[in-house]
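*Asks:* Model the full structure from these sequences, guided by the hints.
Number of protein chains: 2
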Amino acid sequence: MTDSGTFQSYMYGDINIDPYEIVAFQRDIGCDVGTILDIFGTPDQTKKQAKKGIDITIERAKKSINIKDSMKLACPVQGSIYPDLRTKCAQELGELNADFFPIGGVVPLMENQRYSDLIQCIIAAKKGLPPGKPVHLFGAGHPLIFPMAVALGCDFFDSSAYVKYAQDDRLIFYWGTEKIDELTELPCSCPICSHYSISEIKNQEKSSRINLIAKHNLYVSFEEIRKIRNAISNGNLWEMVERRSHSNPHLLSAMKLLQSKDIKNYLEKYEPISKKKALFYTGTQTLHRPIVHRSQQRVQSCFSQINKTIIEFEETKKPYSQTYSKQIQRIRKKNPLFSIIVKSPLGPVPIELDETYPFAQSVIPIDPLVEQNEYLKQIYHSFYKDATVVNWRNISSLSTISSSDNEYEDFDIRRIRYVADYQFGKGAGDILLKGKIRFVKSKKTGKIRNIYSDDKHVLSMRASDGFFTLKIEGGRLLHDSFLSPLIRVIVFDDAVSFIREGKSVFAKFIKDADPGLRPFDECLIVDETDSFLGVGRCLLNRAEMLSFSSGVGVKTRESNNI
Amino acid sequence: MTDSGTFQSYMYGDINIDPYEIVAFQRDIGCDVGTILDIFGTPDQTKKQAKKGIDITIERAKKSINIKDSMKLACPVQGSIYPDLRTKCAQELGELNADFFPIGGVVPLMENQRYSDLIQCIIAAKKGLPPGKPVHLFGAGHPLIFPMAVALGCDFFDSSAYVKYAQDDRLIFYWGTEKIDELTELPCSCPICSHYSISEIKNQEKSSRINLIAKHNLYVSFEEIRKIRNAISNGNLWEMVERRSHSNPHLLSAMKLLQSKDIKNYLEKYEPISKKKALFYTGTQTLHRPIVHRSQQRVQSCFSQINKTIIEFEETKKPYSQTYSKQIQRIRKKNPLFSIIVKSPLGPVPIELDETYPFAQSVIPIDPLVEQNEYLKQIYHSFYKDATVVNWRNISSLSTISSSDNEYEDFDIRRIRYVADYQFGKGAGDILLKGKIRFVKSKKTGKIRNIYSDDKHVLSMRASDGFFTLKIEGGRLLHDSFLSPLIRVIVFDDAVSFIREGKSVFAKFIKDADPGLRPFDECLIVDETDSFLGVGRCLLNRAEMLSFSSGVGVKTRESNNI
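Residue numbers (the working numbering), protein chains in the order written: chain A, -13 to 548; chain B, -13 to 548.
Some clues are possibly wrong.
[Claimed, not checked] Have a look at the derived ranges for each label pair, beta carbon to beta carbon:
| no. | chain 1 | residue 1 | chain 2 | residue 2 | range |
| --- | --- | --- | --- | --- | --- |
| 1 | A | 41 | B | 311 | 40 to 50 angstroms |
| 2 | A | 486 | B | 97 | 33 to 43 angstroms |
| 3 | A | 379 | B | 300 | 40 to 50 angstroms |
| 4 | B | 308 | A | 150 | 46 to 56 angstroms |
| 5 | B | 470 | A | 300 | 54 to 64 angstroms |
| 6 | A | 141 | B | 33 | 52 to 62 angstroms |
| 7 | B | 308 | A | 0 | 33 to 43 angstroms |
| 8 | A | 0 | B | 315 | 41 to 51 angstroms |
| 9 | A | 144 | B | 308 | 34 to 44 angstroms |
| 10 | B | 97 | A | 171 | 28 to 38 angstroms |
| 11 | B | 188 | A | 442 | 40 to 50 angstroms |
| 12 | A | 486 | B | 185 | 30 to 40 angstroms |
| 13 | A | 300 | B | 53 | 48 to 58 angstroms |
| 14 | A | 185 | B | 53 | 40 to 50 angstroms |
It is worth saying that the hints were derived from the structure and are not from the lab. Even for Gly, the Cβ is constructed at its ideal location relative to N, Cα and C.
*Replies:* What follows is the structure, encoded as structure tokens:
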């Protein structure tokens, strides 16, 4: 990959170069990825200057595409620190036939630890870019910001920081940099630091000292990248981001941005429905993590209006329903209409969701209730609005309701109904439980496994995350009652025969999808006339499905062969 | 070093062994450090059982000392989870002529992540033990807890965890352990992880896989120890402890213990007066860090009662007095009696301390004011009690005071007075500024350097931390007015001639010292009759000076040769 000279002309003054000659040159020397000569937008620009810069950048991108031939072309998103300009630039570049989208003009932000501005620039650019194309954060060379940048959607980094720091006798670590003179020994196990003592490195002549420190800096940088890839694979990248943020007060302060509802709503769209590993609490920021935000939103929308009287349980050890099973049975029998809510540190949780991700699969000290007093108060307040809240210890004060319309409903049935609503949307429980219901529990764990409606297998509950796997008969019920595009992935006609054979759905065959679907969500696969083709598991959200030109969008589980 | 079999009998059942035979055996095979056969106190013991256990342990320690000969003897502190028993056991063992003090019975606490109990056990033991003797945390083998254990005063660790985890295919990292099967690549740069790919390790036969993982585990463990030693040397171990705590929810939760006033008062005694590096904010726990606690206490005791009217400045960029210099001059001229207080995230700070550690040397986002609302409110409330607080923007509403008794005092003089009070105790400023004052400022920085009273050099202000270096003439003034033992280190008569020659004060020659002295504090060196021998810098606090049998207690700066 080659750069065009934009950054060099920003650093070292004007260089006289023709913007198309440099693209042709990159093409002619055989670059895999070449870069257009964009206009570097500095943070101190006026909006007018920044606007002019992106106009020229977009113009050059358009013309450069015509001469790129088979070279992949990188078109940097500029726009200084103006989010609307970043998004606009990203959108216009995104509509071109470019291959690679660096986010440019951010080095001065990183040099001055303006991480809040950096985060805003990345998010604004990502909002405008096609999610199927790779994004490169130009000039990011310090591992301190790698986890955050990746969590926000950056895929590539480049930097000469490793050698520049080395020239200044500074060692890179994930928490910052350290001058070699301020270290008493080497706080690292990389092959350089394991082989040399600190005094051996200090006593090298300059050029070989630079060489050794530069190698250490690269080891540390690549180690961080491997940690990030592991975290992606284990679903705990946000944990890593939160933990890392405590390394640097400026980064920690910038994390506050991620508490804004607008940004949480954006990030939540790309968040998988569940993770391999339990949710770990790392501090106050955890309650604003995209998956926690989603949980709170879904509980609010599905369950806040159910009953006017709420019995509140304090959180103790999980699983809640086992801890309180006797009390819950008593309350249910006496007052079948009352909701039972656990006052969890993640927000209010109906007791029926106590095996559902992330409520059950989480490691959280009890303290957030204290630490996050104000925030959680708001969450509870909006949930409890218009309801009477009674602590379970005071339930004897309530009179018994004995309406023949509201008979005691089996707790397992309620669990199925609640999880279905939480997972597929309000009303799904009623749709799936319409027939004569029978279910099988695991002999080993006592947990619900397979659910049958009128003797048809409609759902299976996964032990790992408490969500349902949708069976073809369950899909049929949802398809009959939920209108398009709800929980649907709509495929082009030429893909239909493959799906009927049980083949997975490639993204390029997806015409549209429910914007409510999330990665790893269960979905209905339908054709352009909404004929039901099968059920499957999304690997992407809608925006990604529509943007990706290769790869699988939905893993088909069962196809509808009737 | 050898263990006695206590842990083995706890793990594998009763082993028939004579408590003194095993000590003699260790001695005879030539151990450097042998261990008595103590009684392992389990966390589930009743207090009575635990008490019986420590009684036997103490009894055995007493008898074992008689047979140890030249072998160093380790006497473990037991007492289950009862802090008073831990302290009692530590005190009684500490009075014996033992050499090494493990804290025992903690493995079950670590295995069950009962970090709050672990912290309490360590602190309770340390409170009873002589601070000059090494402390070993028995069986601590996971780097997750190394920084915390060291910060609380543990010096040694031992464990077979590195190989036990390896046998279970688990890799140790500073944030926890990971099963090799749950990793997609190796998130580490140690020589093992740099040389082998993850699949190469997975595909080894069992014994050589254990060998490789065990080596990785050791690399990681020793790397953490080196990081800790670097942090001690740079004075930022508490930063490291706080950052690490975010790796594990149980550890994070246990950190709340360190917010108790009792523990903060204990830890503050061992905290150096200033550090090489700026204070970094890592999260809410930072406001409870020992050095912050001290700052708040000292500001409270020195400055809360000065003036009834306080002008409050919001914090902006540092240094405060430069930011606001015009406003401050205006207020001072109009209302010389008013205190000017900056509402800092560390608590209230008189503007005169704006170059003093840690107020100036800190990197703190502005947010703690929000995040730590309740805690900081209390701090401000107790400081402001009985005072009228006016925001500096509203000062025009105040009437001008023009008393001839209260003339406008030069800001630099006020700074000297305030720093002296903050550093040496209330009243020190008046004592040191009694004569005709003259000072020299640095031409480069404009900061105060040397201070003369009646043309005698009494103080120098350090640019690095804004504290004073005490000159012999300043020492004389403080010695004349502050009564013994204030800011004194009292030496035995046989050390006097050495100190007059300018030699440093070895701990074993120290008879007593001011309990208010802290490591790196300036002090007066006096003999047993309180004759003034010189000024110096403490390397230890009083408890350490009296406990250490070797090493320097005070670095003499100038001796009094009159």
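*Asks:* So, for every hint listed, does it hold in this structure?
*Replies:* Structure-based check of each hint:
1. A:41 with B:311: 40 to 50 angstroms: holds, 44 angstroms
2. A:486 with B:97: 33 to 43 angstroms: Cβ of residue 486 of chain A to Cβ of residue 97 of chain B: about 54 angstroms, so the range 33 to 43 angstroms is violated.
3. A:379 with B:300: 40 to 50 angstroms: Holds, since residue 379 of chain A and residue 300 of chain B (Cβ atoms, about 45 angstroms apart) stay within the stated range.
4. B:308 with A:150: 46 to 56 angstroms: Check failed, 31 angstroms falls outside 46 to 56 angstroms.
5. B:470 with A:300: 54 to 64 angstroms: holds, 56 angstroms
6. A:141 with B:33: 52 to 62 angstroms: holds, 59 angstroms
7. B:308 with A:0: 33 to 43 angstroms: holds, 37 angstroms
8. A:0 with B:315: 41 to 51 angstroms: holds, 46 angstroms
9. A:144 with B:308: 34 to 44 angstroms: Holds, at about 39 angstroms.
10. B:97 with A:171: 28 to 38 angstroms: For residue 97 of chain B and residue 171 of chain A the Cβ distance comes to about 31 angstroms; the hint holds.
11. B:188 with A:442: 40 to 50 angstroms: holds, 43 angstroms
12. A:486 with B:185: 30 to 40 angstroms: holds, 38 angstroms
13. A:300 with B:53: 48 to 58 angstroms: Holds: the Cβ-Cβ distance is about 56 angstroms, inside 48 to 58 angstroms.
14. A:185 with B:53: 40 to 50 angstroms: holds, 43 angstroms
Consistency note: the structure conflicts with the earlier hints numbered 2, 4.
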